[in-house]
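Chemist: Since the structure of chain Z is already known, use the hints to place chain U on it.
Quick mapping for you: the protein sequence lines, in order, are chains Z and U. Residue 56 in our numbering is what sits at position 53 of the first sequence, and the numbering runs on without skipping anything. Residue 170 in our numbering is what sits at position 169 of the second sequence, and the numbering runs on without skipping anything.
Distance condition first, Cα-Cα at most 30 Å in a straight line; then the derived DSS-like pairs of lysine-lysine:
#1 Lys-167/U / Lys-105/Z
#2 Lys-40/U / Lys-63/Z
#3 Lys-146/Z / Lys-117/U
#4 Lys-146/Z / Lys-167/U
#5 Lys-85/U / Lys-58/Z
#6 Lys-116/Z / Lys-142/U
#7 Lys-58/Z / Lys-83/U
#8 Lys-40/U / Lys-85/U
#9 Lys-122/Z / Lys-167/U
#10 Lys-169/U / Lys-154/Z
#11 Lys-169/U / Lys-116/Z
#12 Lys-154/Z / Lys-40/U
#13 Lys-146/Z / Lys-55/U
#14 Lys-40/U / Lys-122/Z
#15 Lys-85/U / Lys-59/Z
#16 Lys-146/Z / Lys-85/U
#17 Lys-142/U / Lys-154/Z
#18 Lys-85/U / Lys-154/Z
#19 Lys-158/U / Lys-58/Z
#20 Lys-167/U / Lys-58/Z
#21 Lys-122/Z / Lys-83/U
#22 Lys-63/Z / Lys-173/U
#23 Lys-116/Z / Lys-177/U
#24 Lys-122/Z / Lys-85/U
#25 Lys-154/Z / Lys-83/U
#26 Lys-177/U / Lys-59/Z
#27 Lys-146/Z / Lys-87/U
#28 Lys-58/Z / Lys-173/U
#29 Lys-167/U / Lys-154/Z
#30 Lys-146/Z / Lys-169/U
It should be emphasised that the hints constitute simulated quantities derived from the structure, not laboratory data.
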Amino acid sequence: MSKFKKSGSKALPAVSTASLPDIVFMLLFFFMVTTVMREVDLKVKMNQPEATEIKKLENKSLVTYIYIGEPSDTKLHGTTPRIQLNDAFANVEDVAGHIEEKRHNTLEALIPKLTTSLKVDRNTQMGIVTKVKQELREVNALKISYSTLEKVEKDL
Amino acid sequence: MAKSPPEINAGSMADIAFLLLVFFLVTTTMDTDFGLSRKLPPPPEDDQEIVDIKQRNVMQVLVNANDQLLVQGELMVVEDLKEKAKEFIANASNAEHLPEKKATEVPFFGNVMVSKQVISLQNDNGTSYNMYIQVQNELAKAYNELRNELSEQQFGKSYDYYVEIKDKDRVKAIRKVFPQRISEAEPKDIGGGNE
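Chain U on its own, in the form it takes in the complex:
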């Protein structure tokens, strides 16, 4: 009569599992990466045409090596850049010196006047990265606020909400009214830096 083998004590199973659990708890880095997404222009081609853009359609933003900001020829602090950019992009008052507008057919909105704005950003080789990001951030904020305002007006919900729920049609339409056009010129060694 064979004796049935004794059962293995599984009482320590929990301890072992706990040990492993603690190890993974400690090593886990739930760092999510956040950032400003941008698209670089494709590499220059030889037979590239030089596109003429009218002066009034371009907002010149220059940053020098001392992290000073020059917008449309005026010295400015970063905090004021957003308002200036919003005014420029929207051109609500149809001012002479602000960008031209062109009637465009946009879904949901019908025929809207879309401004032909371009923001030209140029920085020095000595500009600090922090300043560069602040400027990029303010410009992005200007676009996002305009889009949000437009979306609130038209749909009653913010643009961010439609991005969140991935309503592609509405997002596309709003983007068509306020397209983000930030052009980055090749940086210059204007000087002022220590390089």
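Just chain Z, same shape as in the assembly:
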């Protein structure tokens, strides 16, 4: 009569953990593939401005970064805004070389898609930014993106 009662008397079998390594490996591979190691150590203060009309930068491998801001170590480097390329401070004249280097390492077909991302501190004065922009114009790196944070709309 009681067709289903039988199993109740037996002890519950342990859950097999044999597939646990597989699951963990799957997660592991996901993170290994998506991980981007931080490429530079910031040497300038970076408090980016906020904006709403922003677009996501696609294809990170085609982006050149230029950091501009007040040095983090003001005792050592002063408070005048500086340009940082890769891991070191640079002058405006070095920007062209930096772009050339990036172009050299890029497939020829992809060169027109190269974008320069300007990461500038919000308190920087426009003078230095304009100089960098002029320099970018000179080397024909015309696609730029002013890197900003996403602003949360207050009046919604």
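Modeler: Here is chain U on its own, set in the frame of chain Z:
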């Protein structure tokens, strides 16, 4: 009779994998880079022609070293810039002092009057970057809102939606009606800054 070798205990495999997993979890920075995309004008050529643009087609936006905004000769706060720019770009009332319009053939829309607007943005060397971005953002917002309104009217969906689904034809058509023309003049040292 050879004894079969003992099986390697794979029980610690999960632990090792976990360790690696935690390492990658911690080091992962999923920072996506957002920004305002702009295109710089090509470097100036020697034999460049000076293009005359009528006064009424240009909206002058000046920002000085104290981050004050002067639009068409009036002092203004950033919050009002968007409305002013929208009014200027669209020129819905066909006003005399606002930009001229020219009939243009645009796919989906047919013959539309496209205004010949240009927004001229000039900043001082002492302008703060934050202010510059705010101004750029407001101007971009003006264009985007106009495009959205137009798109809602014509297709019933917003412009952002068509950008999202990559409907290039519609996006192009809308852009043709409201082309984003922000011209940046060379900055001046008008003064007021401490440089």
